[in-house]
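Protein chains: 2
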Amino acid sequence: MKFEIKREILLNGLNIVSKAMSSKNLIPILSGIKFELKKEGLYLTCSDEDITIQFFIDKKEITKIDYIGSSVIPGKYIIDIFRKLPCDIINIETDGSKILITTDSSEYHLNGMEVNDYPHYNLNISKTPVSISKKEFKDIVNQTVFAVSHQESRPILTGINFKINGDTFEAIATDSYRLAKKKINLEKEVQDQLDFVIPGKNLTELMKIVEDDDKKIKIHIFSNYVLFEFDDILFLSRLLSGTFPNVSNLIPSEFKIEVDINPNDLFNVIDRASILSDREKNVVRFEINKNELIVGCDSLELGKVEERMTIDEIIKEKIKISFNARYMLEALRSFQGKKIKILYNEEIKPIIIKDLEKEDLIQLILPIKTY
Amino acid sequence: MKFEIKREILLNGLNIVSKAMSSKNLIPILSGIKFELKKEGLYLTCSDEDITIQFFIDKKEITKIDYIGSSVIPGKYIIDIFRKLPCDIINIETDGSKILITTDSSEYHLNGMEVNDYPHYNLNISKTPVSISKKEFKDIVNQTVFAVSHQESRPILTGINFKINGDTFEAIATDSYRLAKKKINLEKEVQDQLDFVIPGKNLTELMKIVEDDDKKIKIHIFSNYVLFEFDDILFLSRLLSGTFPNVSNLIPSEFKIEVDINPNDLFNVIDRASILSDREKNVVRFEINKNELIVGCDSLELGKVEERMTIDEIIKEKIKISFNARYMLEALRSFQGKKIKILYNEEIKPIIIKDLEKEDLIQLILPIKTY
Chain G
1 MKFEIKREIL
11 LNGLNIVSKA
21 MSSKNLIPIL
31 SGIKFELKKE
41 GLYLTCSDED
51 ITIQFFIDKK
61 EITKIDYIGS
71 SVIPGKYIID
81 IFRKLPCDII
91 NIETDGSKIL
101 ITTDSSEYHL
111 NGMEVNDYPH
121 YNLNISKTPV
131 SISKKEFKDI
141 VNQTVFAVSH
151 QESRPILTGI
161 NFKINGDTFE
171 AIATDSYRLA
181 KKKINLEKEV
191 QDQLDFVIPG
201 KNLTELMKIV
211 EDDDKKIKIH
221 IFSNYVLFEF
231 DDILFLSRLL
241 SGTFPNVSNL
251 IPSEFKIEVD
261 INPNDLFNVI
271 DRASILSDRE
281 KNVVRFEINK
291 NELIVGCDSL
301 ELGKVEERMT
311 IDEIIKEKIK
321 ISFNARYMLE
331 ALRSFQGKKI
341 KILYNEEIKP
351 IIIKDLEKED
361 LIQLILPIKT
371 Y
Chain E
1001 MKFEIKREIL
1011 LNGLNIVSKA
1021 MSSKNLIPIL
1031 SGIKFELKKE
1041 GLYLTCSDED
1051 ITIQFFIDKK
1061 EITKIDYIGS
1071 SVIPGKYIID
1081 IFRKLPCDII
1091 NIETDGSKIL
1101 ITTDSSEYHL
1111 NGMEVNDYPH
1121 YNLNISKTPV
1131 SISKKEFKDI
1141 VNQTVFAVSH
1151 QESRPILTGI
1161 NFKINGDTFE
1171 AIATDSYRLA
1181 KKKINLEKEV
1191 QDQLDFVIPG
1201 KNLTELMKIV
1211 EDDDKKIKIH
1221 IFSNYVLFEF
1231 DDILFLSRLL
1241 SGTFPNVSNL
1251 IPSEFKIEVD
1261 INPNDLFNVI
1271 DRASILSDRE
1281 KNVVRFEINK
1291 NELIVGCDSL
1301 ELGKVEERMT
1311 IDEIIKEKIK
1321 ISFNARYMLE
1331 ALRSFQGKKI
1341 KILYNEEIKP
1351 IIIKDLEKED
1361 LIQLILPIKT
1371 Y
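Note that the protein sequences, when read in sequence, are chains G and E. The first sequence: position 16 = 16 (our numbering), numbered continuously. The second sequence: position 248 = 1248 (our numbering), numbered continuously.
No lab work stands behind these hints: they were computed from the structure. Bear in mind the structure is a predicted one, so any value in this text is a computation, not a measurement. Positions of the beta carbon are idealized from the N, C-alpha and C atoms, including for glycine. A hint or two may mislead.
Unchecked claim - List of simulated lysine to aspartate or glutamate pairs, EDC-like, C-alpha gap at most 20 Å:
#1 E:Lys1084 to G:Asp298
#2 E:Lys1076 to G:Asp231
#3 G:Lys84 to E:Glu1107
#4 G:Lys304 to E:Asp1080
#5 G:Lys76 to E:Glu1306
#6 E:Lys1304 to G:Asp104
#7 G:Lys84 to E:Asp1278
#8 G:Lys84 to E:Asp1271
#9 E:Lys1084 to G:Asp278
#10 E:Lys1060 to E:Glu1306
#11 G:Lys76 to E:Glu1301
#12 E:Lys1320 to G:Glu107
#13 E:Lys1304 to G:Asp80
#14 G:Lys98 to E:Asp1104
#15 G:Lys183 to G:Glu330
#16 E:Lys1304 to G:Asp278
#17 G:Lys304 to E:Asp1104
#18 E:Lys1290 to G:Asp231
#19 E:Lys1341 to E:Glu1292
#20 G:Lys320 to E:Glu1107
#21 G:Lys304 to E:Asp1212
#22 E:Lys1098 to G:Glu306
#23 G:Lys281 to E:Asp1231
#24 E:Lys1084 to G:Asp80
#25 E:Lys1201 to E:Glu1049
#26 G:Lys138 to G:Asp231
As the list claims (entries may be wrong) - Here are some chain G residues the structure puts well away from chain E; computed CB gaps all over 10 Å:
#27 Ile9
#28 Lys84
#29 Tyr108
#30 Ser126
#31 Pro129
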């Protein structure tokens, strides 16, 4: 292939696909980015076997196409070169695995890799994707992904479970100590009932390249992989196999006590109280006495802290409960409203957090027994 | 001691002295910050045995003093607490090693350490310090410190050698592959002839708290330590013992070739050419042919690069020399002017870089032999 392109256009595409580039990868050819120049434009593909990202640059965006072709170019170096070149237009010419990049004052001869050795990834879209705004999809992932497990002992819990049925779209994540659940309504009903689990870390990578706007992201679901289609990007992730536990029934529907509170104020109070907490268990104490909320932490080694805040209503029952501060902080951060409600039954039962007005997001945290 | 103080005033002092706090320190009490409240104000002291920093807060800046005293407070926790507290005024009360920090809504009980166990550091100033503007001193250090050695095989080379004689103040650093030398004139002549070596990493820490203004920094030099006095800060560093090699005679005084060039342009060209260089040796090639400068790099594995730039004059001799790109980049970054001169004799002799107009800064780099 031989073509000329604006540096910033190509660099943008390279930056996006390079999110799938792993320094730890053991397959040498995956350290490269596959360039395929076809009649319709340039496809850039990068993969770490777990995720694959393809970016398309339309021929209209390419300054000049001399002849088409394909090549695998070392990813780390080509990005570094394009980032540092001061010029506007770059010439790229490849002959098999020989790559020549030229500008007015520079000449780079790079050793590429054999394009036929590049693994084949199935990036064909389906006819019936689920469509949702990018902004809404980002919210769903960001409000749940922190609750996935990071332990490989139960691999299925390292993913987010998505359930699509009619016009409801639900996401659940749990590490078995806490649970995050978000439910939204789709604009258009889906025919099939869908239930699949996407690895949390792949969704975290996806979030880095999905912009926060109202344009749609299309989700193409296959038996063992999922393909996200948005802007000029295709993002492929494997699915986790196995059955996600049915955790919705863990969420109580009735509560003895409801405390309404500002999530930011509570966040700051817990954040400060946890300064003295043990880094691993991170236990803080939560007490309510009439209209005062006390968040405390005791450390034999360091000392103790008590933070107080006033709440609007007077709670008759005395509440005393201990929990992992980090779990509570992450749950609180997922709310965008100004008031949340904390729902509580008794000392050893889960705490539930919801928005005061909306019911679409539920955070559940199991308390820690202390003696 | 018992006192009330504005949070931001105390936090500023803590942030400064904590630059001497080391997480690797094996002496437990040095994880604490020593608070000494005296009639004249509050002294905060922190040390890692290598450097010691003291910050003074005048009594006028302290909201209320109930009674004086002293205590050693766990450094990491106290800074975290003060950083996160939302209030304006903080109360601190200590009774031996018991510390109580209170605000309107918070109460922190911290376990401190025995103040009598805190090591004694000699922070007495001398009568005849060397005085220099902070801005000028920052320049001297920043233009030389990168050239110190990081190898403990010759400890003396891990420091900057300062030589003061009459009104000249000179700093030299070398790792034996390159050398940086800066010379300035003092406003006031110094009586004694001084020659001492300060560890480079201590000066790097000092740079973090010296602001870039025209106020003076006073340097008090003792037999085995140095004390910097500026603003409300005392900064103590040990000196390196041993004799710094006499390297000034390595700098040639006559040159066959002089190339005048913009340091930023050359920086960018070398930076790009070195993308393909071996991370360890970092060798790039430098060729001059008439009025063209070519910076190149060859890698068997990755490929090769050639970057070209035009120079103003026509050089008759052909120059070809190889050097460590990182050394050259660091040397180029030390120049503030728009033009530098590169001075050269022959292939295996050192390259010298100076500002085109000023002669106060000299960077020397030894070439690398390539075959």
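Hints versus structure:
A distance of roughly 18 Å separates the Cα atoms of lysine 1084 (chain E) and aspartate 298 (chain G); the hinted pair therefore holds under the 20 Å criterion. In summary, the hint linking lysine 1076 (chain E) to aspartate 231 (chain G) is not supported, as the alpha carbons are separated by about 46 Å, beyond the 20 Å threshold. Pair hint lysine 84 (chain G) plus glutamate 1107 (chain E) does not hold up; C-alpha atoms about 53 Å apart against a cutoff of 20 Å. Under the criterion of a C-alpha separation no larger than 20 Å, the hint pairing lysine 304 (chain G) with aspartate 1080 (chain E) is consistent with the structure, at around 14 Å.
For the hint pairing lysine 76 (chain G) with glutamate 1306 (chain E), the CA-to-CA distance comes to about 19 Å; that is within 20 Å, so the pair holds. Distance restraint check for lysine 1304 (chain E) and aspartate 104 (chain G): the Cα-Cα separation of roughly 17 Å lies within the 20 Å cut-off, and the hinted pair is therefore satisfied. Between the alpha carbons of lysine 84 (chain G) and aspartate 1278 (chain E) the distance comes to roughly 18 Å, so the proposed pair stays at or under 20 Å and holds. Between the alpha carbons of lysine 84 (chain G) and aspartate 1271 (chain E) the distance comes to roughly 8 Å, so the proposed pair stays at or under 20 Å and holds.
Taking the CA atoms of lysine 1084 (chain E) and aspartate 278 (chain G), the gap is near 18 Å; set against the 20 Å cutoff, the hint holds. Distance hint between lysine 1060 (chain E) and glutamate 1306 (chain E) is unfulfilled; the C-alpha atoms sit about 63 Å from each other, more than 20 Å. At most 20 Å may separate the alpha-carbon atoms for a hinted pair to count; lysine 76 (chain G) and glutamate 1301 (chain E) meet this at roughly 14 Å. Restraint check for lysine 1320 (chain E) and glutamate 107 (chain G): the C-alpha separation of about 19 Å stays at or below 20 Å, so the hint holds.
Under the criterion of a C-alpha separation no larger than 20 Å, the hint pairing lysine 1304 (chain E) with aspartate 80 (chain G) is consistent with the structure, at around 14 Å. Our distance criterion of 20 Å between C-alpha atoms is broken by lysine 98 (chain G) and aspartate 1104 (chain E), whose separation comes to about 70 Å. Simply put, lysine 183 (chain G) and glutamate 330 (chain G) have alpha-carbon atoms about 18 Å apart, close enough for the 20 Å limit, and the pair holds. Taking the CA atoms of lysine 1304 (chain E) and aspartate 278 (chain G), the gap is about 53 Å. The hint is violated against a cut of 20 Å.
At most 20 Å may separate the alpha-carbon atoms for a hinted pair to count; lysine 304 (chain G) and aspartate 1104 (chain E) meet this at roughly 17 Å. For the suggested pair lysine 1290 (chain E) and aspartate 231 (chain G), the alpha carbons sit about 50 Å apart, so the restraint of at most 20 Å is broken. With a C-alpha separation of about 15 Å, the suggested pair lysine 1341 (chain E) and glutamate 1292 (chain E) falls inside the 20 Å cut-off, and the hint holds. At roughly 19 Å between alpha-carbon atoms, lysine 320 (chain G) and glutamate 1107 (chain E) fall within 20 Å of each other, so this suggested pair holds.
Note on lysine 304 (chain G) and aspartate 1212 (chain E): the hinted pairing is violated, with a Cα-Cα distance of about 41 Å set against a maximum of 20 Å. A distance of roughly 16 Å separates the Cα atoms of lysine 1098 (chain E) and glutamate 306 (chain G); the hinted pair therefore holds under the 20 Å criterion. Taking the CA atoms of lysine 281 (chain G) and aspartate 1231 (chain E), the gap is near 43 Å; set against the 20 Å cutoff, the hint is violated. Between lysine 1084 (chain E) and aspartate 80 (chain G) the alpha-carbon distance is near 39 Å, which puts this suggested pair outside the 20 Å criterion.
Distance hint between lysine 1201 (chain E) and glutamate 1049 (chain E) is fulfilled; the C-alpha atoms sit about 13 Å from each other, no more than 20 Å. The straight-line distance between the Cα atoms of lysine 138 (chain G) and aspartate 231 (chain G) is roughly 15 Å, inside the 20 Å bound, and the hint therefore holds. Isoleucine 9 (chain G), annotated as away from the interface, keeps every beta carbon of chain E farther than 10 Å; the closest lies near 20 Å. The beta carbon of lysine 84 (chain G) is not kept farther than 10 Å from every beta carbon of chain E, the shortest such distance being approximately 5 Å.
With a minimum CB-CB distance of about 5 Å to chain E, tyrosine 108 (chain G) fails to clear the 10 Å threshold, and the non-interface call is violated. The Cβ of serine 126 (chain G) sits about 40 Å from the closest Cβ of chain E, beyond the 10 Å cut-off, so the non-interface label holds. Annotated as non-interface, proline 129 (chain G) keeps its C-beta farther than 10 Å from every C-beta of chain E; the closest such distance is 40 Å.
Of the numbered hints stated above, those contradicted by the structure are hints 2, 3, 10, 14, 16, 18, 21, 23, 24, 28, 29, listed in ascending order.
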